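Peer 1: Sequence:
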Amino acid sequence: EPIDIHHIMIVLLCPFFLEYWSIRETLKKFLSVWVKGVGKILSLETFLLPLEEPQTLSQEEYNKKLYPSHFVYRIIALLFLAWLTCIFLYFRLIVVPMILGRFLLKLFGAKIVLDFYSLAIGLFAYWVVQQAIGFISQASQNPNITSDFKNKLIKGSKFGVLISLWCFLIPLLIGRLFELLIVQPLHLSQSNDTATSIYQNWVIGVILQSCWSHMVQLGFAGEEWKAKFDLVLQNGIEELQLKQTFTTVLGPILLEIGQLLIVPTVVNLLVSFIAPYVENFSWLAKLIQNKGAMFFFLCRMFSRFYQVFKEWYICVHDSIRDYLYLRGYRLQNYTENTS
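Residue numbers (my numbering): -8 to 330.
In short, the hints are calculated from the structure, not lab data. Since this is a predicted model, take the numbers as computed values, not measurements. Backbone N, C-alpha and C fix where the C-beta goes; we use that ideal spot for every residue, glycine too. Hints should not be assumed to be uniformly reliable.
[As the list claims (entries may be wrong)] Cross-link-like lysine-lysine pairs, in silico, DSS-like; alpha carbons within 25 Å at most:
1) Lys149 <-> Lys56
2) Lys31 <-> Lys19
3) Lys219 <-> Lys146
4) Lys143 <-> Lys234
5) Lys149 <-> Lys219
[Stated by the list, open to error] If you anchor each label on the Cβ, the simulated ranges turn out as follows:
6) Lys143 <-> Lys31: 33 to 41 Å
7) Ile253 <-> His308: 34 to 42 Å
8) Gly242 <-> Phe126: 31 to 39 Å
9) Gln121 <-> Lys301: 38 to 46 Å
10) Trp25 <-> Gly210: 37 to 45 Å
11) Gln121 <-> Lys97: 17 to 25 Å
12) Ser148 <-> Gly210: 26 to 34 Å
13) Ser148 <-> Leu199: 26 to 34 Å
14) Met292 <-> Gln121: 44 to 52 Å
15) Gly210 <-> Asn271: 48 to 56 Å
16) Leu105 <-> Leu70: 29 to 37 Å
17) Gly242 <-> Met285: 24 to 32 Å
18) Pro267 <-> Gly210: 28 to 36 Å
Sequences are here, hints too, so could you generate the full structure?
Peer 2: What follows is the structure in structure tokens.
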């Protein structure tokens, strides 16, 4: 059955955004501004935000500020403003972005319009419009807006390239590799079509990439990869270095996945080209087509295991040799001293 992609995107992408967007701090700032503004309008600042030093006022003056005249009506007005604020936030954060997202999806010819996609696209478009309005307002006040715009454009283009590679291309390649290594070799019936769609490969790749990233951050993939990830996270978006990030993180990943995908594909094409001209060669062509990628992956894993085992064996051999040499050297000195 097809994968329900919007549910998987909720599960995978929401923690990613929540990690870099502090909801607690945002709510604290919003509530602080709202309480101060409404308290000033309704003269309930002391009731909503008690004074830090009430001892400077007399008790009677403090009680008048704490409970002003028509206090009950002021509380009712406070609850009414809170209700209006909730309705305003609902329309601004959900209704308006969803309407905007549906309009954009229909504008680009989408046949099926889902609420989740409409809300996500609408929020993104709303954010872009809000950033553009803020930039235009700053442009009228800042004379050096051209250089600032160039710097922001360069940073945005770098961030867009890295996001496109990390969030789209690499998960898609990982999902395709998973299909060649796991799905296709384990499929028993060759008459059925085992090909999966692009978005299924992308979703599977996002899951595997997310698991591997968490393993790297926990230190299971080695200290070298953990140090690379920590360096990228430490630089952040403001000090993002495209060349360093690509050469240390993205480049090795793309090179490794590219080797695992390109070599079996080229061999499969060569065998498929030769098979019609050779008798009794179709079985080998089918075997290479179905299990060639898995065989190449196992060969790579065996080669890596052999290199690790060879290094370990050489280290053990050298340590034993050094121990015997030092031991013999000490015994020889002992005999020389006794003689």
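Peer 1: Next step is simple, just say for each hint if it's right about the structure.
Peer 2: We went through each hint and held it up to the structure:
For the hint pairing Lys149 with Lys56, the CA-to-CA distance comes to about 54 Å; that exceeds 25 Å, so the pair is violated. Taking the CA atoms of Lys31 and Lys19, the gap is about 18 Å. The hint holds against a cut of 25 Å. A threshold of 25 Å between alpha carbons decides the hint, and for Lys219 with Lys146 the separation of about 20 Å falls inside it, so the pair holds. This hinted pair checks out: Lys143 and Lys234 have alpha carbons roughly 17 Å apart, not beyond 25 Å.
Straight-line distance between C-alpha atoms of Lys149 and Lys219 comes to about 18 Å, which keeps the hinted pair within the 25 Å bound. Distance hint for Lys143 and Lys31: a CB-CB separation of about 35 Å, consistent with the stated range 33 to 41 Å. A hinted range of 34 to 42 Å holds for the C-beta pair Ile253 and His308, which are about 37 Å apart. Distance hint check: the CB atoms of Gly242 and Phe126 are about 33 Å apart, consistent with the given range 31 to 39 Å.
Between Gln121 and Lys301 the C-beta distance comes to about 58 Å, which lies outside the given range of 38 to 46 Å. Between Trp25 and Gly210 the C-beta distance comes to about 43 Å, which sits within the given range of 37 to 45 Å. Checked against the hint of 17 to 25 Å, the pair Gln121 and Lys97 passes, with Cβ atoms roughly 23 Å apart. Between Ser148 and Gly210 the beta carbons are some 33 Å apart, a value that agrees with the proposed interval 26 to 34 Å.
Between Ser148 and Leu199 the C-beta distance comes to about 28 Å, which sits within the given range of 26 to 34 Å. Distance hint check: the CB atoms of Met292 and Gln121 are about 49 Å apart, consistent with the given range 44 to 52 Å. Range check, Gly210 to Asn271: Cβ separation about 52 Å, and the 48 to 56 Å hint holds. A beta carbon spacing of about 36 Å between Leu105 and Leu70 agrees with the range 29 to 37 Å that was offered as a hint.
Separation of Gly242 from Met285 is about 25 Å and conforms to the stated range, judged on CB atoms against 24 to 32 Å. With their beta carbons about 52 Å apart, Pro267 and Gly210 fall outside the hinted range of 28 to 36 Å.
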